[in-house]
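Read top to bottom, the protein sequences are chains A and B.
The numbering of the first sequence is this note's numbering, which starts it at 1 and goes up by one.
The numbering of the second sequence is this note's numbering, which starts it at 1001 and goes up by one.
Fair warning: there could be bad hints in the mix.
Said to hold, decoys possible - Derived lysine-lysine pairs resembling DSS-like cross-links, with alpha carbons at most 27 Å apart: (1) A/Lys210 with A/Lys248; (2) A/Lys210 with B/Lys1077; (3) A/Lys120 with A/Lys198; (4) B/Lys1125 with B/Lys1077; (5) A/Lys198 with A/Lys210; (6) A/Lys66 with A/Lys196; (7) B/Lys1125 with A/Lys29; (8) A/Lys29 with B/Lys1096; (9) A/Lys248 with A/Lys66; (10) B/Lys1096 with B/Lys1125; (11) A/Lys66 with B/Lys1208; (12) B/Lys1077 with A/Lys248; (13) A/Lys147 with A/Lys240; (14) A/Lys210 with B/Lys1096; (15) A/Lys198 with B/Lys1208; (16) A/Lys66 with B/Lys1077; (17) A/Lys210 with A/Lys240; (18) A/Lys196 with A/Lys248.
If you're looking for bench data, these hints aren't it; they were derived computationally from the structure.
Here are the chains, one letter per residue:
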Amino acid sequence: MSEGTHIPREELALYAAGALTEDESAEIKVHLQRCGLCREELAHATEDVALLMMSVEEQPLPSGAKQRLMSRVAAAADRQAIGGTELIEMPKRRKMAASFWTAWGAAAALLVVSIGLEVKIRDLSARVAQERQAAEAQDELNARARKVLSLLSSENAQRVELTAAKVHPVPSARATYLASQGALVLMANNLPQLSKDKTYELWIIPADGKGPIPAGLLRPDAGGQASVVLPEIPIGVGAKAFGITIEKAGGSDTPTLPILLSGAAPSAGD
Amino acid sequence: MHVHFGISLASIRYTWQAASFRSMADGNPNTAGFSASVPTEEALELEGVRRRDPSAMERIFDRYGRMAYSVAFRVLKDGPQAEDIIQDVFFQLWEKPSLFVSGRSSLGAWLAVVVRNRAIDIVRKRKACEPVEDVVLAAETNVTSEVERRAVVQRIRRILEGLPREQRQSIELAFFDGLTHAEIAAQTGDPLGTVKTRIRTALTSIRKAFQR
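Just chain B, same shape as in the assembly:
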């Protein structure tokens, strides 16, 4: 394994983080020689959780706790309820790490969806409608490091800002307020088909941003 002498001395963590970049940068002539075979920091931490190492769980929370809380807060707009959700989801991961199938997307992406779905269940005052093990993500954007995640987030925010107002409203109502398409159509006065198309187009725009 090559070691980036300049930036990896202060902590071994740098080396693992650099490894995740290498896998992302594959195919770029500027990164020739980088190896993708090194396990990511995230994979090592999940392995630690499977071995019942609390410090591994702590590192996972350090990395994704704030993001998960922000997702729950965005939906619920209530701090204590948002914390209850992330406490439960992270504890569930500790109790049963096999719930997250590694190798498919990143743990952060999975947590974001699981936390969001739990929060929507609360908003809609319904029982959890989907077991967390049924949440499966495609491995299109393996956002395992902080730098990657920040870059991706910036890009998505730009895309969202560029969407027409009606489309942004449909996204808001569907993804953060938990309304069904029929409820959105009733609220906005738009035809059902238009609402569906707007939601799909918004998701497609986000996906396209990663297929350039």
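Next comes chain A alone, as it looks inside the complex:
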């Protein structure tokens, strides 16, 4: 980037941080309007700011914060729904001096209001019917979900893994975790062989926002199967997710990207 015709990166970084004076910012804004290269560089600097922000220490949300947002969202959605039904616009009328016309006008207005109410009642009835249909559909979904759960938890069910013909099966893994006992078992399949200086490593992503916890190394056999059984991990750590990465042979303290396999822990799970 030529410093003569474009904004120096230092300045763009400061601009992204909002750390320039108003005059300096105004000057840069003018340049950005006509310079795609500098806009692109600014997008990179802003991304860097985002990464810095995301690394701040996590704080617990204030109690009820989500409910407060969702109430506001629901109120806005209701306003929009009701606003959408108010289709009847009062016609503009010329001023009439005679009370005769005033009376007729009032009657006409009443009629319009009545029609408006009728439209609203029909609309509300339609919404009630829609809600009922949605509830019935939800019941069906729940029944189906119960059936799926019953199938998946059945000890008698046959479990077979199918893969596309003539291609290498892809890696997969299943973790079973009991936070209250610090007990974890992970079975992995189809892991590609690694060089001797590398290993697979399993990570617990804690639900409390702290850093990933190493939970054992995986060394696949010739068939690509590997397992971690009851590794040494802290007791009582709620898991938000699990991930498997490739690390140096002895394992690492923090995971190295990319993450080969991952899975979010069900929120209700232990």
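For chain A, the structure is supplied; the task is to place chain B on it using the hints.
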């Protein structure tokens, strides 16, 4: 679409989350066969917001609410003010989801910057100096899943810990206290050019961590 039988049975969400990993892992021979064409969970949720589905908004808040609050709190050091900001920003997203241009970075990264800028505006007692639609991010690190985000955060924290004390102080003053470079120079007694270089070097260090 391939389904990770071992980890995707308990919830469909797993499958979408795995999809975002696949796109991230492209080019790695160990992930050959993964497809990047599946929409991410985040993209589906944004689509839900555009269709005015409150549950989609709820899921977005579940994912990013705490992070956004933490950013606002870090700048303001005041819980109620920090919550006011995130309530406004998330509600603004609900009212006008087109403010976030998907396909460029992740929604979480965008929210982090928008919330931070709002918080700095409050610290500096000034009107919002930049409309949120002007906040554009490069798509270098598509941190859409919790696991990716945690890994990235760990890496950045390590980088920050490794920076010299003066550089960390400049970052603190510029990004979290909202001081201008001139104010930082006045406070630290360092030349203006040094302050600028420190801030840029810190950002460059963070970026390099994702270009290894």
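Worksheet entry | Ascending list of hint numbers which this structure does not respect | 3, 6, 9, 11, 12 and 14
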